[in-house]
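Protein chains in written order, with the numbering used here: chain B, 1 to 386; chain X, 1 to 264.
These aren't lab readings, by the way, just hints derived from the structure by calculation.
Warning: the hint list may mix true and false statements.
Unchecked claim - Chain B stretches covered by chain X per the calculated footprint, using a threshold of three residues with CB under 8 angstroms from any CB of chain X:
| # | segment |
| --- | --- |
| 1 | 9 to 20 |
| 2 | 23 to 29 |
To be verified - Pairwise CB distance ranges (calculated):
| # | chain 1 | residue 1 | chain 2 | residue 2 | range |
| --- | --- | --- | --- | --- | --- |
| 3 | B | Gly2 | X | Val93 | 45 to 55 angstroms |
| 4 | X | Ser89 | B | Glu283 | 13 to 23 angstroms |
| 5 | B | Gly2 | X | Gly243 | 49 to 59 angstroms |
| 6 | X | Gly245 | B | Met102 | 42 to 52 angstroms |
| 7 | X | His112 | B | Ala41 | 47 to 57 angstroms |
| 8 | X | Gln198 | B | Ile312 | 43 to 53 angstroms |
| 9 | B | Met102 | X | Glu188 | 22 to 32 angstroms |
| 10 | X | Asp242 | B | Glu3 | 47 to 57 angstroms |
| 11 | X | Ile5 | B | Leu127 | 50 to 60 angstroms |
For each residue, glycine too, the CB sits at the ideal point set by N, CA and C.
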Amino acid sequence: MGEPSAAGRFGDFGGRFVPESLVPACQELEDAFRAAWVDPAFRAELDDLLHYYAGRPTPVTICRQLSKELGITLMLKREDLTHTGSHKINNVLGQALLAKRMGKRRFIAETGAGQHGVASATAAALLGLDCVVYMGEVDVHRQELNVFRMKLLGAEVISVTSGARTLKDAINDALRDWVASVETTYYCIGSVVGPHPYPFMVRQFQRVVGDEAREQCRELLGGSVPDFVVACVGGGSNAAGTFAGFADTDARLVGVEPEGGAANGRGIAGVVHGMRSNFLQDEAGQIEEAHSISAGLDYPGVGPEHAYLSAIGRATYESVGDAEVLDAFRRLSSTEGILPALEPAHALAWIFRACDSGEIPSGSTVLMTLSGRGDKDVAEIMEILG
Amino acid sequence: MSDRIMGPLEECLRAQRDRGRKLIVPYITGGLDDEWTEVISALAVAGADAIEIGIPFSDPVMDGPVIQEASVRALERGTTPQSVIAELSRTQVGVPLVVMTYVNLVAHAGFHRMAKTLRDANVAGVILPDLPLDEAGEWMSEAAAAGIDAVQLVAPTTPDERLARICEASRGFVYAVGLLGVTGERTELANSSLVIAQRCKDETTTPVLVGVGVSNPEQAVAICSVADGVVIGSALVRRLLDGQGAEGAAGFIGEIRAALDSRW
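Chain B on its own, in the form it takes in the complex (with noise of 0.2 angstroms):
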């Protein structure tokens, strides 16, 4: 996975679809981040962060039940081990840094479950910025933990009651927000989403995912890489960070969405949130709103890079439903020891399925990325599970 072009496209996707105030931002922010990507001093100050703070690496952990029963070697890469509990933390912590070196005091994100709420309240807190994360009213309900832990970490949480109410209208406003504070604030958008260099800054930022994945995988399996490497897309950013580190290898690259929000599976090409990509869209072109139990995934879109991924071939997108996601999650639960969050539980579902159907061959390595732990979703899951 390499560079977008000049105007900010992997392949037809991507570009800089914004508002003219944020056009000069956006040229600023992709500037700010090309000159600190090749600093060393800024590459080091982040890497610190990121094993010291962050508790990277994060460990592959070899699952000895769910193995043996479906008779593959699977693999997870442990998002839910680091600080904050998710993958999150790394892209945050990259744009933190990037806010302090562009003199940005206000940094803002969106969030749909929470868990880059949470990561960007936290680096805020760690940095000295002041942090105000948009949320959806619904997530609000529905992720009432998370909101309660980023108001303790000294964030604002803004509910958003535009739209449906979820992550795509948290987005809108949080966009409305930075056309009007472009001067004094940083949008730390929280997936491979939104205005060039976003999708591109935020794969970079979230590859050492992959490129851990890579050397473990390595280490675990004889030199080898794996048969498939599996990871859940909303807007898709453990899913970019963990293709990021096998794309050059022969590994089977499957990204799961969920049934309710499968832009790539039943999307067409679209222009909104600052980029040309692929759409849950009506007849008219009015956005739809995704359906999935996982706030995370509650997106009707998918970054560009996977809608190119998904155009050349190179990565595929399944989807799954609500009902496999909850076996999945009590699967994992009961025979490894590990609650995954709903977002996860979605690749594992789909890898159940295909251990099923024999698209995931007996005696297959599969590497998945568990982008997340199920803390936050166990008082929704108790609801539904009765």
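Position chain X against the provided structure of chain B, taking the given hints into account.
Showing chain X alone in chain B's frame:
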């Protein structure tokens, strides 16, 4: 500039401006209620020089609460791009009609097809606030080929060199966003409105209109000491949401017309 092709919107606005008149372009949300096309007629009579019609979009990131609410209300009534355009094609009021919407609705139909459809409906210009100059090439070619003026926007953060290029590329008028922020009423006129208007006037002979945050006759007068005119959106749409109808809309725009005409 000598072989610069201008469409019907720019011809009309230049002619009005050149005879010393300050320009008013009111904005309303298409499909807001049963009488939205009657509002257009009333605005023309009240002294609008062109009328901007918003085609409601599900995710209007450049719009504040008032126009968001109007968009939701219109969409909930079943308003579609097709329904707005069909009604516009039957609405001839003697001043140019300009469509404002978001690029996804235009890209979804296809740039070529949408440009032709709009032209066939007698739409004279189009504003797409999330299609900045760098991404607008294909759309501007298709619009020009169809005889539609593709209006470009400048913002207070636009650097000088870029502002010059946008002013050069814009057709119909130059839409100068008066402040850093989304659409909505403001109690005080932002000083940035006058600054951005002057920067554009120094660059171009194309009419320069300031929009976003222009809320009343006093603010319109202040801006027109520099700019060629104003776009009035949220202040008007709020009146429509409040149920003031065509009469209230015409009354409000009439006040602004009178205030400008008494000065110039």
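Each hint, compared with the structure:
1. For the segment 9 to 20 of chain B, the proposed coverage by chain X is satisfied: 6 residues have a C-beta within less than 8 angstroms of a C-beta in that chain, meeting the threshold of three.
2. Chain X is given as covering the segment 23 to 29 of chain B, and this holds because 3 residues of the stretch bring a CB closer than 8 angstroms to a CB of that chain, at least three being needed.
3. In this structure the hint that B/Gly2 and X/Val93 lie 45 to 55 angstroms apart at CB holds, the actual value being about 53 angstroms.
4. At roughly 20 angstroms, the beta-carbon separation of X/Ser89 and B/Glu283 lies within the given 13 to 23 angstroms, and the hint holds.
5. Remark: the range hint 49 to 59 angstroms for B/Gly2 to X/Gly243 is upheld by a beta-carbon distance near 56 angstroms.
6. Roughly 49 angstroms separates the CB atoms of X/Gly245 and B/Met102, a value that falls within the hinted 42 to 52 angstroms.
7. For the hinted restraint 47 to 57 angstroms between X/His112 and B/Ala41, the CB-CB distance of approximately 50 angstroms keeps it satisfied.
8. Between X/Gln198 and B/Ile312 the beta carbon distance is about 49 angstroms. The supplied range of 43 to 53 angstroms therefore holds.
9. The hinted window of 22 to 32 angstroms between B/Met102 and X/Glu188 holds, with their beta carbons roughly 29 angstroms apart.
10. A C-beta distance of roughly 52 angstroms is found between X/Asp242 and B/Glu3, which places it inside the suggested range of 47 to 57 angstroms.
11. A C-beta distance of roughly 52 angstroms is found between X/Ile5 and B/Leu127, which places it inside the suggested range of 50 to 60 angstroms.
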